[in-house]
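2 protein chains.
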Amino acid sequence: MPAWLRDYRRAWLAGDLTAGLIVTVMLIPQSLAYAMLAGLPPQVGLYASILPLVAYAALGSSMTLAVGPVAVVSLMTASALQPLAQSGSAEYATMAMQLALISGGMLLAFGALRLGFLAYFLSHPVISGFITGSAILIAIGQLSHILGVRAPGSGVLEKLSALLAALPQTQWPTLVIGMATLAFLLLARSAMAPLLVRAGVPDATAAVLAKLAPMLAVVVSTAIVGYGGLDRTAGIAVVGEVPRGLPQLSLALPDAPMLELLWLPALLIALVGFVESVSVAQSLALKRQQRIVPNRELLGLGVANVASALSGGYPVTGGFARSVVNFAAGAHTPLAGVVSAALMALVIAAFTGLFFHLPHAVLAATIIVAVTSLIDVDAFRRAWRYDRADALSLLGTALGVMALGVEAGILAGVALSLGALVWRSSRPHMAVVGRVPGTEHFRNVLRHKVETVPGLLALRVDESLFFANATVVEDRIGDELRLDPALRQVLLICSAVNQIDATALEVLTELERSLATRGIVLMLAEVKGPVMDRLRSTALGQRLDGRIFLSVHDAFTYAQPSAPPS
Amino acid sequence: MPAWLRDYRRAWLAGDLTAGLIVTVMLIPQSLAYAMLAGLPPQVGLYASILPLVAYAALGSSMTLAVGPVAVVSLMTASALQPLAQSGSAEYATMAMQLALISGGMLLAFGALRLGFLAYFLSHPVISGFITGSAILIAIGQLSHILGVRAPGSGVLEKLSALLAALPQTQWPTLVIGMATLAFLLLARSAMAPLLVRAGVPDATAAVLAKLAPMLAVVVSTAIVGYGGLDRTAGIAVVGEVPRGLPQLSLALPDAPMLELLWLPALLIALVGFVESVSVAQSLALKRQQRIVPNRELLGLGVANVASALSGGYPVTGGFARSVVNFAAGAHTPLAGVVSAALMALVIAAFTGLFFHLPHAVLAATIIVAVTSLIDVDAFRRAWRYDRADALSLLGTALGVMALGVEAGILAGVALSLGALVWRSSRPHMAVVGRVPGTEHFRNVLRHKVETVPGLLALRVDESLFFANATVVEDRIGDELRLDPALRQVLLICSAVNQIDATALEVLTELERSLATRGIVLMLAEVKGPVMDRLRSTALGQRLDGRIFLSVHDAFTYAQPSAPPS
Numbered sequence: 333m334p335a336w337l338r339d340y341r342r343a344w345l346a347g348d349l350t351a352g353l354i355v356t357v358m359l360i361p362q363s364l365a366y367a368m369l370a371g372l373p374p375q376v377g378l379y380a381s382i383l384p385l386v387a388y389a390a391l392g393s394s395m396t397l398a399v400g401p402v403a404v405v406s407l408m409t410a411s412a413l414q415p416l417a418q419s420g421s422a423e424y425a426t427m428a429m430q431l432a433l434i435s436g437g438m439l440l441a442f443g444a445l446r447l448g449f450l451a452y453f454l455s456h457p458v459i460s461g462f463i464t465g466s467a468i469l470i471a472i473g474q475l476s477h478i479l480g481v482r483a484p485g486s487g488v489l490e491k492l493s494a495l496l497a498a499l500p501q502t503q504w505p506t507l508v509i510g511m512a513t514l515a516f517l518l519l520a521r522s523a524m525a526p527l528l529v530r531a532g533v534p535d536a537t538a539a540v541l542a543k544l545a546p547m548l549a550v551v552v553s554t555a556i557v558g559y560g561g562l563d564r565t566a567g568i569a570v571v572g573e574v575p576r577g578l579p580q581l582s583l584a585l586p587d588a589p590m591l592e593l594l595w596l597p598a599l600l601i602a603l604v605g606f607v608e609s610v611s612v613a614q615s616l617a618l619k620r621q622q623r624i625v626p627n628r629e630l631l632g633l634g635v636a637n638v639a640s641a642l643s644g645g646y647p648v649t650g651g652f653a654r655s656v657v658n659f660a661a662g663a664h665t666p667l668a669g670v671v672s673a674a675l676m677a678l679v680i681a682a683f684t685g686l687f688f689h690l691p692h693a694v695l696a697a698t699i700i701v702a703v704t705s706l707i708d709v710d711a712f713r714r715a716w717r718y719d720r721a722d723a724l725s726l727l728g729t730a731l732g733v734m735a736l737g738v739e740a741g742i743l744a745g746v747a748l749s750l751g752a753l754v755w756r757s758s759r760p761h762m763a764v765v766g767r768v769p770g771t772e773h774f775r776n777v778l779r780h781k782v783e784t785v786p787g788l789l790a791l792r793v794d795e796s797l798f799f800a801n802a803t804v805v806e807d808r809i810g811d812e813l814r815l816d817p818a819l820r821q822v823l824l825i826c827s828a829v830n831q832i833d834a835t836a837l838e839v840l841t842e843l844e845r846s847l848a849t850r851g852i853v854l855m856l857a858e859v860k861g862p863v864m865d866r867l868r869s870t871a872l873g874q875r876l877d878g879r880i881f882l883s884v885h886d887a888f889t890y891a892q893p894s895a896p897p898s
Numbered sequence: 333m334p335a336w337l338r339d340y341r342r343a344w345l346a347g348d349l350t351a352g353l354i355v356t357v358m359l360i361p362q363s364l365a366y367a368m369l370a371g372l373p374p375q376v377g378l379y380a381s382i383l384p385l386v387a388y389a390a391l392g393s394s395m396t397l398a399v400g401p402v403a404v405v406s407l408m409t410a411s412a413l414q415p416l417a418q419s420g421s422a423e424y425a426t427m428a429m430q431l432a433l434i435s436g437g438m439l440l441a442f443g444a445l446r447l448g449f450l451a452y453f454l455s456h457p458v459i460s461g462f463i464t465g466s467a468i469l470i471a472i473g474q475l476s477h478i479l480g481v482r483a484p485g486s487g488v489l490e491k492l493s494a495l496l497a498a499l500p501q502t503q504w505p506t507l508v509i510g511m512a513t514l515a516f517l518l519l520a521r522s523a524m525a526p527l528l529v530r531a532g533v534p535d536a537t538a539a540v541l542a543k544l545a546p547m548l549a550v551v552v553s554t555a556i557v558g559y560g561g562l563d564r565t566a567g568i569a570v571v572g573e574v575p576r577g578l579p580q581l582s583l584a585l586p587d588a589p590m591l592e593l594l595w596l597p598a599l600l601i602a603l604v605g606f607v608e609s610v611s612v613a614q615s616l617a618l619k620r621q622q623r624i625v626p627n628r629e630l631l632g633l634g635v636a637n638v639a640s641a642l643s644g645g646y647p648v649t650g651g652f653a654r655s656v657v658n659f660a661a662g663a664h665t666p667l668a669g670v671v672s673a674a675l676m677a678l679v680i681a682a683f684t685g686l687f688f689h690l691p692h693a694v695l696a697a698t699i700i701v702a703v704t705s706l707i708d709v710d711a712f713r714r715a716w717r718y719d720r721a722d723a724l725s726l727l728g729t730a731l732g733v734m735a736l737g738v739e740a741g742i743l744a745g746v747a748l749s750l751g752a753l754v755w756r757s758s759r760p761h762m763a764v765v766g767r768v769p770g771t772e773h774f775r776n777v778l779r780h781k782v783e784t785v786p787g788l789l790a791l792r793v794d795e796s797l798f799f800a801n802a803t804v805v806e807d808r809i810g811d812e813l814r815l816d817p818a819l820r821q822v823l824l825i826c827s828a829v830n831q832i833d834a835t836a837l838e839v840l841t842e843l844e845r846s847l848a849t850r851g852i853v854l855m856l857a858e859v860k861g862p863v864m865d866r867l868r869s870t871a872l873g874q875r876l877d878g879r880i881f882l883s884v885h886d887a888f889t890y891a892q893p894s895a896p897p898s
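Protein sequences appear in the order of chains A and B.
For the first sequence, the numbering used here gives the first residue as 333, with consecutive numbering after it.
For the second sequence, the numbering used here gives the first residue as 333, with consecutive numbering after it.
Worth double-checking, as some hints may not be accurate.
Heads up, the list lumps identical chains together, so a pair's fine if it works in one copy or across two of them.
Unchecked claim - Derived SDA-like pairs: lysine to any residue, alpha-carbon spacing no greater than 20 Å straight-line:
(1) Lys860 - His761
(2) Lys619 - Gly810
(3) Lys860 - Arg756
(4) Lys619 - Arg850
(5) Lys491 - Ala735
(6) Lys619 - Phe712
(7) Lys860 - Val777
(8) Lys619 - Leu813
To be clear, the hints were calculated from the coordinates, so they are not data collected in a lab.
If you're wondering where the values come from, they're calculated on a predicted model, not measured in any experiment.
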């Protein structure tokens with residue numbers, strides 16, 4: 333039994349029930365819309381909103397994360413499956429279940445192996461670029477539903493040119509209902525909460541109520557289209573028949589060729605879903621001093637995806653907007669999620685007929701409004717001001733996603749951010765230092781009036797030493813020796829060296845030997861404990877015995893010729 | 333005119349001439365053997381040993397690097413081209429020239445863009461694993477020539493099983509001559525230099541003479557096979573007709589589909605060749621206090637490869653053994669290389685007939701002996717003792733090369749070493765510190781008797797803050813706050829933080845905000861200059877204004893409640 337259930341307090345019940353209800357009202361249009369985005373029949377979105385919520389409640393570590401279908405993962409599902417099968421076909425739906433199964437299995441395996449740190453390979457600029465690129469791709473993709481035309485294509489340019497070509501076929505009634513919904517939702521987002529507050533509704537409640545606008549749009553538009561018979565008379569595309577009844581449990585194991593096709597998208601879905609989920613969960617948990625355990629999140633999301641696969645769903649993860657509403661509406665425990673699951677089960681068991689006249693254009697409008705809030709141009713501006721390399725990896729990821737698709741884009745982003753990391757560390761800050769007269773402090777000779785010891789080069793390297801910069805340090809020492817042929821001692825100050833990897837160790841070992849053949853002594857100072865522990869047992873450590881000093885001061889005292897200075 | 337030529341001194345001439353001659357004697361059998369290894373006709377190896385040497389002499393920065401065909405690059409050439417064309421065919425030879433052209437073009441482009449640092453992406457463990465894996469692959473591949481059988485295959489296991497299957501077809505006379513050469517070369521390597529020294533030859537001269545054993549084996553075996561007519565009577569495979577005359581200059585530009593096939597192998601050949609070259613050149617330059625300029629090496633090796641492509645050759649780079657001999661034999665300037673080139677031109681213009689009866693088995697034996705000296709098992713043992721992650725990336729690269737081939741192996745190695753880098757930095761050393769009584773020193777509370785300030789958490793992080801560890805630091809602070817709910821101030825000591833990337837900046841910004849909402853103050857101390865310069869203009873830097881302290885002591889003084897301590 334999960335801890336939250338064992339220690340459940342009566343006082344939490346009202347909050348959990350309210351939040352569960354409100355999240356359900358958000359979840360109904362979203363699950364239908366995201367299934368459409370993923371290229372799946374509407375009921376698949378509903379299926380993915382029942383068992384996964386219960387599974388996460390049993391194993392996840394967040395008290396307020398709302399799991400279910402989300403926009404970005406739905407896009408990733410579509411982009412993985414559209415080259416493999418016809419959207420809407422039974423084969424496509426089976427592959428979507430298998431994608432959830434593989435993805436869930438990977439999350440469980442990572443959790444069992446405690447590999448939560450894998451997610452850290454995705455830096456914020458990469459994630460931010462990925463989300464923004466995906467959001468733009470999604471929004472542009474949905475424009476065809478607003479226009480009532482077909483405009484297939486995978487990249488942004490392809491989609492846009494298909495849209496332009498299809499413009500003459502615009503379905504005017506569909507465009508009217510789509511634009512009206514879009515306008516209403518955008519207005520609701522910016523004006524509804526302030527209006528409610530002015531009408532006396534408390535701030536938090538107003539914010540939550542404003543999130544229910546999509547449901548209002550769904551109800552009103554469905555009623556208009558249904559009563560007017562606009563699906564038949566005006567050709568407005570609607571959701572149509574949604575099979576009633578709870579999902580059948582079944583297990584469709586992928587065979588080896590399918591596994592080979594799906595493992596990479598499944599891995600990326602698992603990682604992106606996990607990172608998104610954990611960052612939402614963490615920001616909410618911090619507000620209540622709760623704790624998110626990444627390895628438990630892996631298990632929670634893993635079983636949620638396996639549960640989705642078993643019950644006819646598709647990949648799920650923790651959603652940003654729904655989790656925030658869940659939190660704000662007073663959820664205290666995952667019981668809120670269980671309540672949502674029960675209500676969704678009720679809907680699918682009895683009320684699917686209500687969705688018959690729901691227009692696709694309205695769902696598309698809710699998707700567009702939801703994803704445009706994910707577009708974060710400011711993140712690029714901030715990154716550019718702070719760190720160009722990070723800004724470029726953000727931009728590269730976003731452009732990569734838009735031009736090449738989600739998989740190639742995110743892989744390019746990871747490569748860019750690792751490249752940026754190595755590049756930055758490959759040009760470490762180094763300073764030749766001397767003693768501030770009369771003190772035990774040592775500063776850059778270029779910036780301060782300091783004393784140096786003739787024949788001694790004291791070089792401070794402000795970076796860990798590893799394969800990308802060891803040679804740079806070696807080169808710098810070589811340069812200094814050429815500039816001053818009288819140098820007989822080289823002191824490397826390691827106060828900022830947190831690690832020395834095997835490559836740097838080899839470079840230093842060789843440097844020491846080649847200096848020794850020229851009668852020049854290498855010395856180290858301020859080597860950190862963990863670095864020293866490793867160095868001790870190496871050949872270099874043994875050769876340097878007696879020439880590794882605790883402080884630069886000690887090294888200077890040793891280096892100072894005992895004869896009176898000339 | 334290169335600087336070495338402008339400032340040439342007569343005193344260097346004798347050394348350059350001797351070294352040029354001795355290197356030529358090594359180069360003749362090696363160029364024939366490595367062409368065979370690369371799947372090319374023997375003259376291609378000779379062609380690659382003329383113009384490239386002159387081109388490098390004009391632009392390279394090393395005084396003693398001996399450029400030309402080398403074992404590992406020959407293997408990479410074979411593995412790139414064998415899937416695309418029949419070895420020995422004209423098409424194959426054209427592709428080899430194009431490979432050299434693309435590779436040379438890339439080196440020139442990297443040089444022009446000053447991208448010498450790109451080579452640092454290959455860590456020593458990856459290079460070491462790559463060289464060892466390649467050497468084993470090469471040695472096993474040559475066994476078929478010693479046995480006189482055909483045993484094709486790309487991976488080690490494939491080659492070995494083909495060898496086993498072909499064992500019954502062993503050509504006994506070939507095996508005898510191959511084994512005899514192998515035994516002689518191995519003996520020469522271990523015993524010749526000591527014997528010569530005992531006979532009164534100086535150490536350095538003896539070492540150089542021992543390197544000429546392969547030429548001796550070539551001369552003797554060619555004479556025996558030639559006079560005995562063993563190629564006809566005993567079926568020993570020989571080099572046969574080698575076209576006489578200098579190479580024709582020609583330019584075979586690759587078309588777009590060819591470029592698509594060759595760019596990745598060309599890039600890897602460029603990088604591996606560059607890294608190998610620079611590391612040899614650097615170790616030799618250090619002994620004479622000369623300087624290697626990586627960006628000039630890119631240009632030198634780039635034109636050498638373009639020259640090789642223009643004159644019917646294939647990819648070249650600086651060779652380890654030949655460069656060491658060149659240095660030891662007294663080369664002072666690249667004139668030694670020009671001398672070698674002239675002598676090679678003489679050989680190909682007049683004496684190619686002498687190679688007719690040279691047995692393949694003898695060339696194979698020289699290759700095997702040359703590459704077994706590259707196998708470095710001890711590097712793994714050393715890496716394992718020092719750093720498991722580095723040792724695993726070495727092993728992964730070696731196994732990858734042997735099982736999957738050179739390209740996949742080296743890419744796996746790069747991924748492993750980047751992974752190791754991120755993984756290591758993702759678990760930074762952190763310590764809660766307090767004041768050593770009566771001093772301004774601050775130490776780990778777990779290891780020393782120190783004073784702390786009630787309500788203040790002082791945490792030192794011994795690592796740069798970046799995407800892979802920012803969340804770990806945030807989690808640690810969260811843990812400490814849960815353990816001691818009375819904490820009201822969090823001090824982050826940044827003395828070992830050399831960088832803060834955009835991800836870590838965001839995490840810290842969010843941390844500061846969420847702490848602030850709980851009435852907890854975030855402070856920083858000992859922020860380094862370059863980090864501070866960037867931080868200042870950020871939202872976090874502005875919010876922290878007045879709470880960033882030069883020293884931990886200042887921060888403790890600020891944090892100390894002014895009321896008398898309870």
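Going down the list of hints, with the structure as the test:
1. Both within a single protomer and between protomers do Lys860 and His761 lie at most 20 Å apart by alpha-carbon distance, with minima of 18 Å and 11 Å respectively.
2. In this assembly of identical chains, the alpha carbons of Lys619 and Gly810 lie at most 20 Å apart only when taken from different copies (11 Å versus 53 Å within one copy).
3. Taking CA atoms no more than 20 Å apart as the test, Lys860 paired with Arg756 passes between copies only; the shortest distance there is 16 Å, against 22 Å inside one copy.
4. When the C-alpha separation of Lys619 and Arg850 is checked against a cutoff of 20 Å, the pair qualifies only between copies, where the shortest distance is 8 Å, while the shortest distance within a copy is 62 Å.
5. In this assembly of identical chains, Lys491 and Ala735 lie within 20 Å of each other by CA distance solely inside one copy; the values are 11 Å within and 42 Å between copies.
6. Neither within a single protomer nor between protomers do Lys619 and Phe712 lie at most 20 Å apart by alpha-carbon distance, with minima of 27 Å and 48 Å respectively.
7. For a Cα distance limit of 20 Å, the shortest separation of Lys860 from Val777 across copies, 17 Å, qualifies, whereas the shortest one inside one copy, 24 Å, does not.
8. Taking the shortest alpha-carbon separations for Lys619 and Leu813, only the inter-copy value of 13 Å comes in at or below 20 Å, while the best intra-copy value is 56 Å.
The structure fails to meet hint 6 from the earlier list, while all remaining hints are met.
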